[in-house]
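Listed in order, the protein sequences are those of chains E and L. In terms of the numbering used here, the first sequence opens at residue 1 and continues consecutively. In terms of the numbering used here, the second sequence opens at residue 1 and continues consecutively.
If you are wondering where the hints come from, they were derived from the structure by calculation, not from laboratory data. Please read these numbers as outputs of a predicted model, since none were measured by experiment. Using N, Cα and C, we set each Cβ at its ideal position, and we do this for glycine too. Watch out, some of these pointers could steer you wrong.
To be verified - Far from chain E, some chain L residues (derived; all Cβ distances over 10 Å):
(1) Glu33
(2) Arg45
(3) Asp77
(4) Arg91
(5) Asp108
As the list claims (entries may be wrong) - With the Cβ distance kept under 10 Å, some of the chain L side facing chain E (calculated, not the full set):
(6) Met46
(7) Ile93
(8) Val99
(9) Leu101
(10) Gln105
(11) Ile140
As the list claims (entries may be wrong) - Here are the computed distance ranges between Cβ atoms for each label pair:
(12) L:Asp120 to E:Gln111: 33 to 39 Å
(13) L:Asp145 to E:Asn129: 21 to 27 Å
(14) E:Ala154 to L:Asp81: 32 to 38 Å
(15) E:Asn166 to L:Asp145: 22 to 28 Å
(16) E:Asn166 to L:Lys29: 44 to 50 Å
(17) E:Gly99 to L:Gln30: 20 to 26 Å
(18) L:Asp81 to E:Met100: 44 to 50 Å
(19) E:Ala154 to L:Arg132: 50 to 56 Å
(20) L:Leu92 to E:Leu96: 37 to 43 Å
(21) E:Asn87 to L:Val99: 18 to 24 Å
(22) L:Gln148 to E:Gly99: 35 to 41 Å
(23) L:Glu63 to E:Leu96: 36 to 42 Å
(24) L:Asp81 to E:Thr106: 31 to 37 Å
(25) E:Glu164 to L:Thr103: 20 to 26 Å
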Amino acid sequence: MDWKEIDALYAKYLEGETSLRNEARLRQFFSEYRGEIPPKYQAAAQWFTYAAWFAGRQSAGTETDAATITGQNRGTGRVRNMFQSRNWSIAAGFALILGMAYIWFTVQQQQQQQLAEEPVYANMIVIDNEEEAIETLLEALALVSSNLDKGRRAMVTGLVQLDEANPFTHSKKQHEQ
Amino acid sequence: MKSLIVVLLSVMITSATFAQKDALASYFKQYLEDERFTFIEISPRMFQMIAKFEPEDQKAGMELIRSISSFRMITSDKITDGHEMFNQAMRLISTRNYVDLLTVQTGDERIRIMVREEGDIIRELFMVVAERKEIMMMSITGNIDLNQLSRLGGSLNIEGLDKLGDIKK
């Protein structure tokens, strides 16, 4: 490409009549030209060199974005979906545990408050002596135990009576005797 | 992480149900305000002290006592309709929460023992003993071992219902 052609293109550029292809040609020329630039094109040379550098950077950026979107860099550790990260699941787990613990403590507190608010009745005896409490509990447990035993004995007596009332087993026993 | 959440949830549920009211507080509040009845309670703080208490003569049943977390009892010998009250009590108790352990009816005496279970653990033992002229309802909560309880009878010489009513006011 000679300066004549560049001069024509540059004149078109200043008139605003160049196509994108013409502008790309101008950028390419000025960015690659290593010779002495006439004073008339000094400003144009600087501008088109910068425009070429900028265009190159933009296209490189677009390539990076495209790679991110298509997932070409997946697995390299550079681009990651933060919601798929392990740290997020751990944080969510802790948040859940904290929430549950908060609910649990609130419920416990309410229950204790309810128990504490229970009225004191006129006919109520509260045992607050250690030995008396133990004696009372032992008596209560023994009473439960003796009633359990009573039930067991009643059941055995019932079974014996049932056995005696059963004509088949009764006659069998008599026969054995 | 999942197993940790499951463990945490089960601990919370267990604790929440453990803290629930006993049968006396749930179904028989009307008797607590009735002057014919005496209401006996061992304060929850006392159970914390009992857990640390080491009696000089190791009494039989101490291990069982340490597994108890609350004790309440109402009793009366100023009634004339004990049997009717007994039947009414049985109608009031939710059979969804309490299962029958024992029912004895001999002459004038009616006995019913019910338990509230959580899995294999007995959380509450509720007993009603009634005669025509007296009634006693007792609720024991904690972690109750029935085998231990049934063995206890032979090791103590206790008269029974009348002795429990003799607690000084």
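* **Verdict for E:Ala154, L:Asp81 (Cβ pair) under range 32 to 38 Å** => violated (24 Å)
* Is 20 to 26 Å a correct range for the gap between the Cβ atoms of E:Glu164 and L:Thr103? -> holds (23 Å)
* Asked: Regarding the hint that L:Ile140 lies at the interface with chain E, is the smallest CB-CB distance below 10 Å?
  -> Nearest chain E Cβ about 7 Å off; hint holds.
* Non-interface claim for L:Glu33 versus chain E (Cβ beyond 10 Å) -> violated (6 Å)
* To do: With 10 Å as the threshold, tell me whether L:Asp108 passes as away from chain E on beta-carbon distances.
  => holds (14 Å)
* To do: So, L:Ile93 near chain E? Judge it on the closest CB pair being under 10 Å.
  => violated (17 Å)
* **L:Leu101 as an interface hint toward chain E, with CB separation required under 10 Å** => holds (8 Å)
* Asked: Can the suggested window of 18 to 24 Å be confirmed for the beta-carbon pair E:Asn87 and L:Val99?
  -> At 49 Å between Cβs, range violated.
* That 20 to 26 Å hint for E:Gly99 and L:Gln30 (C-beta), does it hold up? -> violated (40 Å)
* Status of the given 37 to 43 Å range, CB of E:Leu96 versus CB of L:Leu92 -> holds (40 Å)
* Asked: Taking the beta carbons of L:Asp81 and E:Met100, is their distance inside 44 to 50 Å?
  -> With a Cβ separation near 49 Å, L:Asp81 and E:Met100 satisfy 44 to 50 Å, so the hint holds.
* Is 50 to 56 Å a correct range for the gap between the Cβ atoms of E:Ala154 and L:Arg132? -> Given a distance of about 20 Å, which is not inside 50 to 56 Å, the answer is violated.
Consistency with the previously given hints fails for numbers 1, 2, 7, 8, 12, 14, 15, 17, 19, 21 and 24, ordered from lowest to highest.
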